[in-house]
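Asker: Fit chains E, S and L to the given chain A structure using the hints.
Protein chains in written order, with the working numbering: chain A, 1 to 337; chain E, 1 to 337; chain S, 1 to 337; chain L, 1 to 337.
No wet-lab data here; the hints were simulated from the structure. Ideal Cβ positions, reconstructed from N, Cα and C, are used throughout, including at glycine. Treat the hints with care, since some could be wrong.
Stated by the list, open to error - Simulated crosslink set (DSSO-like; lysine-lysine; CA at most 27 Å straight-line):
| # | chain 1 | residue 1 | chain 2 | residue 2 |
| --- | --- | --- | --- | --- |
| 1 | S | Lys176 | A | Lys177 |
| 2 | A | Lys161 | L | Lys321 |
| 3 | S | Lys2 | S | Lys64 |
| 4 | S | Lys161 | E | Lys199 |
To be verified - One side of the interface only, derived from the structure: several residues of chain A facing chain S at Cβ under 8 Å:
| # | residue |
| --- | --- |
| 5 | Pro173 |
| 6 | Ser243 |
| 7 | Ala272 |
Number of protein chains: 4
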Amino acid sequence: MKVKVGINGYGTIGKRVAWAVNKQDDMEIVGVTKTRPSYEASTALREGCPLYAAHAEDMENFEKAGIKVQGTLDDLLKKVDVIVDCTPGGTGAKNKELYDKAGVRSIFQGGEDHAMAGISFNALANYHEAWGASSVRVVSCNTTGLVRTLFPLQQAFGIQKVFASLIRRGADPADKKGAALNAIEPSLKLPTHHGPDVKTVIHGLDIQSMAVATPTTLMHLHCVAVELKKEVSEKEVLEVWSSSPRLQLVSGKDGIKNTGQVMELAKDLGRARGDMMDIVIWKDGIRTVGPMLYYYQAVHQESDVVPENVDCIRSMMKLEKDNLVSIERTDKALGLR
Amino acid sequence: MKVKVGINGYGTIGKRVAWAVNKQDDMEIVGVTKTRPSYEASTALREGCPLYAAHAEDMENFEKAGIKVQGTLDDLLKKVDVIVDCTPGGTGAKNKELYDKAGVRSIFQGGEDHAMAGISFNALANYHEAWGASSVRVVSCNTTGLVRTLFPLQQAFGIQKVFASLIRRGADPADKKGAALNAIEPSLKLPTHHGPDVKTVIHGLDIQSMAVATPTTLMHLHCVAVELKKEVSEKEVLEVWSSSPRLQLVSGKDGIKNTGQVMELAKDLGRARGDMMDIVIWKDGIRTVGPMLYYYQAVHQESDVVPENVDCIRSMMKLEKDNLVSIERTDKALGLR
Amino acid sequence: MKVKVGINGYGTIGKRVAWAVNKQDDMEIVGVTKTRPSYEASTALREGCPLYAAHAEDMENFEKAGIKVQGTLDDLLKKVDVIVDCTPGGTGAKNKELYDKAGVRSIFQGGEDHAMAGISFNALANYHEAWGASSVRVVSCNTTGLVRTLFPLQQAFGIQKVFASLIRRGADPADKKGAALNAIEPSLKLPTHHGPDVKTVIHGLDIQSMAVATPTTLMHLHCVAVELKKEVSEKEVLEVWSSSPRLQLVSGKDGIKNTGQVMELAKDLGRARGDMMDIVIWKDGIRTVGPMLYYYQAVHQESDVVPENVDCIRSMMKLEKDNLVSIERTDKALGLR
Amino acid sequence: MKVKVGINGYGTIGKRVAWAVNKQDDMEIVGVTKTRPSYEASTALREGCPLYAAHAEDMENFEKAGIKVQGTLDDLLKKVDVIVDCTPGGTGAKNKELYDKAGVRSIFQGGEDHAMAGISFNALANYHEAWGASSVRVVSCNTTGLVRTLFPLQQAFGIQKVFASLIRRGADPADKKGAALNAIEPSLKLPTHHGPDVKTVIHGLDIQSMAVATPTTLMHLHCVAVELKKEVSEKEVLEVWSSSPRLQLVSGKDGIKNTGQVMELAKDLGRARGDMMDIVIWKDGIRTVGPMLYYYQAVHQESDVVPENVDCIRSMMKLEKDNLVSIERTDKALGLR
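Pulled out of the complex, with its shape left as it was, chain A reads as follows (with noise of 0.2 Å):
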């Protein structure tokens, strides 16, 4: 019997997941929640998803629209093994009240706090520590990005240091809040946040990072400056990406320069969305000067989690104990492969 899922919150990250866990063969979806009836209720719908309003007072919104739900949230609850938190950051901690008292398991994204579920997650670097958890953070966007690139130069060189800068997308593509229109702004509170979530997966990592945000809309790039244990070649380092899963190396000379053909390349390899789930490596932006090796990495940030979540559904739920295995599955079945 399949695993039953429920997401609160389809909006960009939730609908991405709710598609993603419909594509694999031991998970469903039993109810998504949206708080309006705009059109990506019209989305859940068409793609399979029983709609649930938020809350009881969203009902009749919907009822007004002529959009047909099933109930609310707490009527989801019943129906779900594990609830998969999208809403807006900030309001896991109050939501995990209701999933606890509902007796559900709950995964929640970057936007909240470590601190409040106790276990953050990367389908490379941890799977482990969720291995039957009832509560679980997947880390964000940015942090996803820097772990799947460090962790396996940690594991095949060992890493005395890592200093990250992370020039930010002010803003999602349908968003209208964010950045301003022709500025840069940094993250004036150092160190950022970016740094020490890292060591909330890869625990014990000498990280600092810098960060500012751009008026662009699709992806995060990251200039990153890495302290190896050993000096090795710029190959070496290719070698271990190379095998390392959910990476994508491209090049400026196939005509790759920028993000937005990075995201033009997503759309060429057929991915939904257009979405670009892996995390991006230009091979001729890499350098090795003595034990410091010098790369740029880009970060889809409306996408580069969903895969995260499934196997986090998986370990929670004890569906397959080798991370590999559940990482290529999910791949598989997404089309990463």
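Answerer: Chains E, S and L alone, transformed into the frame defined by chain A:
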């Protein structure tokens, strides 16, 4: 037997037309050309399109990159019934000589002059003009957009006069050239070519246009003011468009307020590459005042002409007499209905 | 003795009006208000404008920041003949009660409704309507722009009908809120308020408008289509505008092709803050077709209303009867001629 | 007698250097060149800079446009002691031959290679190296920015190692060419030239850099990580920078959170053209962790090198021995202090 189609220029438009042709059951791609071994060359191979070098001198570059090509454009021309020219605007006349010499029918895009092929095409408005023709030009994305909404109005109510302001996207998402980063730029040469171009398809229409370029990549947006031949209600206008092909009626009330949200809808609809091949009209942005009708429409410059190219092949090759049957067949195959 | 002027709201418009008033020899700033001790509070002091807290409860914040204020708005109102309200749109009605109670004349900006003050103002079109008035509204940046070019046309040739498409900048350069980063957004409520607003100043004009917001910060740009009462040449139109005040005729041929280059010209002209208080018309973007006239104009939303506020004070305070004399006096003092 | 200065290339940098030279009392502009009769040619005349055609073949264009020129570059070279080359990067070597042949001293900008002039210049770090030299290169805007903040740190504390990520603006405000409209683009060739370029001025510094281009026009922004030779507090760092020239310390708490607001501050400070010739450091964006110092700085690419060119002239012409005296003199004349 399927009609054999070649694409000269596998770029933004070319790769989409190739995909669309291969989705039909009465035509197929037998080859596409590229000038360089970029990532789009890999896309062609991945999508099962035999690859040819655009020019003999390009072959060496493909060899160096380890990409096998089947020959040159000249070789491809020997195998096709129709060649769809998707090269950058302005080189069509020179190419036409090659196509004519090879005795193959040719389709050009809106970047070329009307005079070059002598027939300009839109599937709804003048499908029959391409019937059996040896050379036809599919009008540009903006002209296609204007024709799709104006032709049904003309049929239903009659049109006295049209004035359209075109707010153009500055560049395509993966393009580096284009508009200034933070400026609005008017097309100073008045009237702009857009108005006259509509007349190559809807003969005799009284239409004027102005245009500006803006720093955005997703869609063009038109402000259209139409003087109709009779006074009608907004509801009557909506009814006409509701039964016209390749239009998508959206609403700000449903959360679709700008071109970013329109493109999000395209992804939610599961459209290939996230394309919106329909012309988008805002239902709550229509207004009639006496005989005047005002409305906004959005045009996805990368894809709206793609189904038109398919229908154009069908008309030129005399595969289907009824334009509405061809349109329906194309659209079903492409997942547009 | 100079007329004593106060500014309520020393922000984008307020700080410019303060500067402009202090440049005149018949009026002076006796105080400006701010709600917070931001860097613009320092600007006020640097420019010799006595600083007041907008509300009593704001005073503590200034004290904490070590910035001395002279009192509150109530104190300021006791010292002024006229208060210029430059607070964010929509709070004017509430403020008007305070001003009326204090017995001071008041000027509001275009974000307020016409009905609130009952008189809307443009120095060229209806200077006399503000003569001796106790409360007047200076129309918005876009309306000011339309009036400056349409009024001379109406005087010279007569106007049958106007249709304008407004391509709006999404946010001011130092603003964080505003338009989506990469989208075009139509103003769905039609007709937009811009057309009707022109009629509060040029009474009886037949004008309709549509509007879109774009991701740029510098200027609004208008596509204007005017049906004149007689057929005229482009040269005749240019002659009319050449002798009208506060217009800047530019040319794409001279390298001024977009709003970015217009703002560069403003800097090259040595204008304070790099402002372009004139409305900009492209000489090579004018076209007449029969009785129709098409033209583009650009509007610097941060500054074009500034000299209008100065003239409005002069009319309300009965300092000068002839509007053209007032306009010339203002413009010379501001370095506009 | 004043030193006679010519400008070859009256564009973004050239027109600012011309203005700055004319503000000094020991040097003056005797002529500037342009290749075309654009609006900037009018600017030169308006600012009292005699105009010369860059090449003999350009003269006809000026004549046609009715703009009188005083001759060509060759004529200008006969009248100057120093020529400041502000032509587009990469043509300097060819121009140097002309200057050398004419026997005039020459200054080049950062777009040229260090090797071409052999001496690279920053007024604070190595003023003496230009003393009496015949040809000197003023380093680029980004390099100037790094030197202005790093040199005082090196003097005060010693520097072990620097890593800087440069988030570049994609194009200047009035430029049409440049970055993609909605993408982030990494500089793939590592290490980027910025790090090595700092060493041409601060010899022997251990510095590495990475860079990305973003779709914004106002300023570059740097994320800088410095390993100091001793552990210091943030307060000590601030004290060093407070007494260093050409730095502007700002604070997010005062409402200056991004580069748009920095440029607004420049206008509020009454700076000519709204330029920010100082390097901007966020006081609340500084952090020390052990010997590591992290900080953000913003660089106004259009103007920060302008006062450096003035000081460079003074050193080459042996007008003032003490660099701090020259800096103060320049800055006072330009209204920077």
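Asker: Need the list of violated hint numbers for this structure, in ascending order.
Answerer: 2, 3, 6, 7
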